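J.: Spelled out, the chains give:
There are 4 protein chains.
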Amino acid sequence: MQLGMIGLGRMGANLVRRLMRDGHRCVVYDLDRDAVQELEKEGATAASSLHDFTDKLERPRSLWLMLPAGVVQPTLDQLIPLLDGDDVVVDGGNSYYRDDMARAQQLAPHGIHYVDCGTSGGVWGLERGYCLMIGGEEEPVARLGPLFRTIAPGTGNAEPTPGRTRADGTAPEGYLHCGPSGAGHFVKMVHNGVEYGMMAAIAEGLSIIKHADAGLRSRTVDAETAPLREPEAYPYEIDVSEVAEVWRRGSVVGSWLVDLVADALARSPELDTYTGRVSDSGEGRWTVLAAVDESVPAPVISAALAQRYESRGLGEFTDKVLSAMRGEFGGHAEKAG
Amino acid sequence: MQLGMIGLGRMGANLVRRLMRDGHRCVVYDLDRDAVQELEKEGATAASSLHDFTDKLERPRSLWLMLPAGVVQPTLDQLIPLLDGDDVVVDGGNSYYRDDMARAQQLAPHGIHYVDCGTSGGVWGLERGYCLMIGGEEEPVARLGPLFRTIAPGTGNAEPTPGRTRADGTAPEGYLHCGPSGAGHFVKMVHNGVEYGMMAAIAEGLSIIKHADAGLRSRTVDAETAPLREPEAYPYEIDVSEVAEVWRRGSVVGSWLVDLVADALARSPELDTYTGRVSDSGEGRWTVLAAVDESVPAPVISAALAQRYESRGLGEFTDKVLSAMRGEFGGHAEKAG
Amino acid sequence: MQLGMIGLGRMGANLVRRLMRDGHRCVVYDLDRDAVQELEKEGATAASSLHDFTDKLERPRSLWLMLPAGVVQPTLDQLIPLLDGDDVVVDGGNSYYRDDMARAQQLAPHGIHYVDCGTSGGVWGLERGYCLMIGGEEEPVARLGPLFRTIAPGTGNAEPTPGRTRADGTAPEGYLHCGPSGAGHFVKMVHNGVEYGMMAAIAEGLSIIKHADAGLRSRTVDAETAPLREPEAYPYEIDVSEVAEVWRRGSVVGSWLVDLVADALARSPELDTYTGRVSDSGEGRWTVLAAVDESVPAPVISAALAQRYESRGLGEFTDKVLSAMRGEFGGHAEKAG
Amino acid sequence: MQLGMIGLGRMGANLVRRLMRDGHRCVVYDLDRDAVQELEKEGATAASSLHDFTDKLERPRSLWLMLPAGVVQPTLDQLIPLLDGDDVVVDGGNSYYRDDMARAQQLAPHGIHYVDCGTSGGVWGLERGYCLMIGGEEEPVARLGPLFRTIAPGTGNAEPTPGRTRADGTAPEGYLHCGPSGAGHFVKMVHNGVEYGMMAAIAEGLSIIKHADAGLRSRTVDAETAPLREPEAYPYEIDVSEVAEVWRRGSVVGSWLVDLVADALARSPELDTYTGRVSDSGEGRWTVLAAVDESVPAPVISAALAQRYESRGLGEFTDKVLSAMRGEFGGHAEKAG
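Which chain is which? The protein sequence lines are B, P, X and U, in order. Residue numbers for the first sequence follow this note's numbering, so the first one is 1 and each next one is one higher. Residue numbers for the second sequence follow this note's numbering, so the first one is 338 and each next one is one higher. Residue numbers for the third sequence follow this note's numbering, so the first one is 675 and each next one is one higher. Residue numbers for the fourth sequence follow this note's numbering, so the first one is 1012 and each next one is one higher.
Hints in this document: simulated from the structure, not taken from any laboratory. Since the model is a prediction, treat every value here as computed from it, not as a measurement. Keep in mind that a hint or two might mislead.
[Stated by the list, open to error] Pairwise CB distance ranges, derived in the manner of DEER restraints:
| no. | chain 1 | residue 1 | chain 2 | residue 2 | range |
| --- | --- | --- | --- | --- | --- |
| 1 | X | Glu944 | B | Ala102 | 48 to 54 Å |
| 2 | X | Leu705 | B | Gly9 | 55 to 61 Å |
| 3 | B | Thr273 | P | Glu567 | 56 to 62 Å |
| 4 | P | Arg554 | B | Thr273 | 33 to 39 Å |
| 5 | X | His784 | P | Pro568 | 52 to 58 Å |
| 6 | B | Pro269 | P | Gln415 | 57 to 63 Å |
| 7 | B | Glu270 | X | Thr947 | 53 to 59 Å |
| 8 | U | Gly1020 | B | Pro269 | 32 to 38 Å |
| 9 | B | Pro269 | P | Arg554 | 46 to 52 Å |
[As the list claims (entries may be wrong)] Example chain X residues on the side facing chain P (calculated, C-beta under 8 Å, incomplete):
| no. | residue |
| --- | --- |
| 10 | Cys700 |
| 11 | Gly744 |
| 12 | Pro748 |
| 13 | Glu878 |
| 14 | Lys884 |
| 15 | Asp887 |
| 16 | Pro901 |
| 17 | Ala938 |
| 18 | Tyr948 |
| 19 | Ser953 |
| 20 | Ser985 |
| 21 | Phe991 |
| 22 | Thr992 |
| 23 | Ala998 |
| 24 | Met999 |
| 25 | Arg1000 |
Glycine included, C-beta positions come from ideal geometry on N, C-alpha and C.
Okay, chain B solo, but in the shape it has when bound (with noise of 0.2 Å):
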């Protein structure tokens, strides 16, 4: 079928490009016309404005937005004018849940359908296929399956679930409507928190590896620092790189983070272009916000989230405070190293 694509950065390109492979036809428009021209070289139609991109597609209209966070409200409203009822528009990208409920009530009263998705699958998306979480009404959400269908890695991607027995549902071939309007993006945001927990425990683990070289490195011994009391316990030189790579074979922590790890890990064993300064998009301290709402509890994510933003230096604050109170009870200078 016929899709829309407006924003052609790494994830729209690919999108369309998967889309196309597979026989679907491809409207394009992104403000970087060369992104436009690139795609149309690859057998895209290029649009040159929004007007133009909503009159070459076939009604209803199916669109799709692939856009940072902060451009999808705008763009929304600039394109309410050019729709018509019954035309959908997914928004694949990063929103939070509680925009997209606000957008399809503004969608709405125009007849415009307004379907939520969110997309997992990053630069390998393309070649592996993305899991899709999607959000929206009933209808809609049945009208664009082939694109989902398309787009998602298929259930050749793993093996079946052994004890799964029902069999409808597409969760199997990797999208899942999984509610009304935000319940796409609700679960993609929460997997995102879990990605979070997931790279945090795995980074801690290596990091505990790399050290445990500990034994054999002197440590400063005065009334500040604890000295290390049996040295002798951690005298391993393991070489972390090849422990990701073995980890990949058979372990009950494999997982596609081990795999890009040990990759990042076989380019370059020390990091060393890496400062650590960790950023978060908003995914994971949303799902710690939900949590609490919740009143659920959610130690591990939580410590996750807090490990990024003090990876940025934004304890700092804290941590003078915790140094002046040491000096305050005991006379402690703070050490230099």
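Add chains P, X and U to chain B, keeping to what the hints say.
T.: Only chains P, X and U this time, still in chain B's reference frame:
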């Protein structure tokens, strides 16, 4: 080659089966004679005593212990007088790596080699292969290479790591000589710590999704319980088992653990058969101890361990102290529900 | 000066008593007529309705609401038509600071001033005085200075801060104008978040001391439960109530909370009357939400909040998922005990 | 009575002064002769060597070691041949309680009694008194009662605990015999763990208040950084030093630590002289180890310890791994700021 296996529980028996399938010969021993006979029927050589067992092994002998951690030391003590110089004993169970260090020193004067081998793969390893993390001297570890190669999943189990340029190394086959005595169980220990953190992240995330219906359930409103400020933001009744299924395909959190949880939820969407008392078998707590000793911050793995303790009611006195303080300063009585 | 108090629960009634003791005149109102009569006997002027209440107040009126958070808004809505320009309404309860912002805006067109006042001190405040954290415009806050001064503990309550050089400011008297509308409840909210963390630290510590006898108790040893490696290191049966008592004197952790826990443990060393279900009344969770929004790492306060949730069984589904995963990969059945 | 003090650093010297003020006689020794002379001027008996020191003590001798943890054992080894049966050696420093157990066993065959005494109070103890947590045999601990009573703050230091009915016990005077050898330092160790948690709660809270101006500061908006959704909710520029001051009076978080932080902030509102590298001197990490061993969940104290590690940059490799994973799956480059 030939291997002698002591301990024919699920793990030990499946190791023997996997070895025999690949043409290795196994001598087997267990206090449970039925377990011995079962494997004899499948082609193994049965031993009726430790004496008989060591007699039936070609020299230099290769032995593998697959025993509960508490039984390893007494078994070793019995074995020493029955073994000869240059024999190799592998401890494939979950021993604490510090015990490995001591045992290697205990065996050294007898010329017996001790190899510690962390074995991950659980009940699925027979088909899938086991990830092996190995510690000990170079020569005996190399000598047992053919056995490790059979037990491990092999390179076919996962795509090659794109960034990997080194041609040597056994990690891509699923086994790794990590370092001297204890290094294998050290890496396996941390592997399990990582497992705790990953499991917790997945479980918390699914729980947050399950409770996305918080706005539909009424909550008692009184001075002691915070009401949900925006119930309209939590209107979703999401099928958690389908979410786990879809996350298996193309998502960033795709992993064997997500495969397993999808299976468990497919069988029992409410997990009614579980009470939620989560055991811990040592490696997680040892990982936290190592992190503390090494001065490596591990907030996520530490939180995952505490969560398991709390699941078993071990925070009870702490919680009573909290309630007592609230009673003291606020006159707050505890609530029944 | 004169103050009208609405809400004569424990806190409201004690505020009235403390004010009258210091010569202020109070008009009191509550739906509970007994509460009104009780204070009338003690010298307050009773009001029989909101109408009667506002009639009996001198203009410009000074009103104080000491109500459950959920009752503040409807009470304000009823009061507005009964009030006049330049009247001041203080919300002394535990409102969310964002509600303060909205209420101040709601009252502004009527010329009515809104002051939010976080009030800490609990059931002991009558004698000890209350710590007041105040938000609102300069003039009305200054106008109510004599009331705040009476309610607060005063400078005699604690030694002067040695390093303090500024002579101005009311903080040493125990009340502080923190900033514009909402700032008072914001600071009080965070105060309670700090309280959660301090309480948790004390409770965890006492629990670790109580369980210093772990080596004396036998533990089941099996593959699912880690045995205590060095039971001889945990041979202590320590009287936790005496520890709390001694910590009250000269220690670094000396605090009102330690005073309270010492009292609770003196009354009931095992705290048998508590079940350990620890309520949370909103401020702790709001503090975590603020930290997340502000990008401030708050791992300790977040952990304290999660701990309270877990104490109430809210981690149940998470724990079931963990047990289910263990069952899947290890064939581990849950343990009964 | 007479006491011999070895180690005349700040703590040791002040203990001697406090004892002499109350009429006790002290023999003092330190490798630093200036420290010895200083106290000689104040009335102590100077010793020029360990020999001279033990000669000048009446038998049975009472000795107190106030030394860095690493110096205790060699000093004890030197002392043993100079001591006699029934002498008592107090270790008043911060030894690990397991070392106490070993030392008590080392001294026992010589008939020398070993008493471990955790001493809290810091630089303020001379005036305020020290909280003493004591381990060892009944008789020698009782014998030193007059010394402990002088060193401790005494009952005047805090109000009596209302619920306390037992008339016996020394805890209200500020010293406590906690149990056999090691019990004193065990309780002191946990005391410091509690201190870590309380300090962290206070520091996090003040940091959240300091950043209540987050809505006034602009933040980079891009795909890698979550924007603040509701900047209007964070408009406050709150004077954190005044908040600390007001919390000293009548609030639930009132504590010596809040007194200290108020002092530090009064001297330096931005704490510019601190870098925020927070040391840890052993007790906090030992507390976490004990909690893990005892199976007591201690998420808050554990988080506080991890926070200190992170403040010193010890999470660097972990953070690099996180950034590397983000780079792999999302093509996210790290951000400079």
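J.: It remains to establish, for every hint, whether it holds in the given structure.
T.: Here is what the structure says about each hint:
{"no.": "1", "hint": "X:Glu944 <-> B:Ala102: 48 to 54 Å", "verdict": "holds, 53 Å"}
{"no.": "2", "hint": "X:Leu705 <-> B:Gly9: 55 to 61 Å", "verdict": "holds, 60 Å"}
{"no.": "3", "hint": "B:Thr273 <-> P:Glu567: 56 to 62 Å", "verdict": "violated, 43 Å"}
{"no.": "4", "hint": "P:Arg554 <-> B:Thr273: 33 to 39 Å", "verdict": "violated, 49 Å"}
{"no.": "5", "hint": "X:His784 <-> P:Pro568: 52 to 58 Å", "verdict": "violated, 30 Å"}
{"no.": "6", "hint": "B:Pro269 <-> P:Gln415: 57 to 63 Å", "verdict": "violated, 43 Å"}
{"no.": "7", "hint": "B:Glu270 <-> X:Thr947: 53 to 59 Å", "verdict": "holds, 57 Å"}
{"no.": "8", "hint": "U:Gly1020 <-> B:Pro269: 32 to 38 Å", "verdict": "violated, 45 Å"}
{"no.": "9", "hint": "B:Pro269 <-> P:Arg554: 46 to 52 Å", "verdict": "holds, 51 Å"}
{"no.": "10", "hint": "Cys700", "verdict": "violated, 22 Å"}
{"no.": "11", "hint": "Gly744", "verdict": "holds, 6 Å"}
{"no.": "12", "hint": "Pro748", "verdict": "violated, 13 Å"}
{"no.": "13", "hint": "Glu878", "verdict": "holds, 5 Å"}
{"no.": "14", "hint": "Lys884", "verdict": "holds, 5 Å"}
{"no.": "15", "hint": "Asp887", "verdict": "violated, 12 Å"}
{"no.": "16", "hint": "Pro901", "verdict": "holds, 7 Å"}
{"no.": "17", "hint": "Ala938", "verdict": "holds, 4 Å"}
{"no.": "18", "hint": "Tyr948", "verdict": "holds, 4 Å"}
{"no.": "19", "hint": "Ser953", "verdict": "holds, 4 Å"}
{"no.": "20", "hint": "Ser985", "verdict": "holds, 4 Å"}
{"no.": "21", "hint": "Phe991", "verdict": "holds, 4 Å"}
{"no.": "22", "hint": "Thr992", "verdict": "holds, 4 Å"}
{"no.": "23", "hint": "Ala998", "verdict": "holds, 4 Å"}
{"no.": "24", "hint": "Met999", "verdict": "holds, 5 Å"}
{"no.": "25", "hint": "Arg1000", "verdict": "holds, 7 Å"}
The structure fails hints 3, 4, 5, 6, 8, 10, 12 and 15 (numbered hints given earlier, in ascending order).
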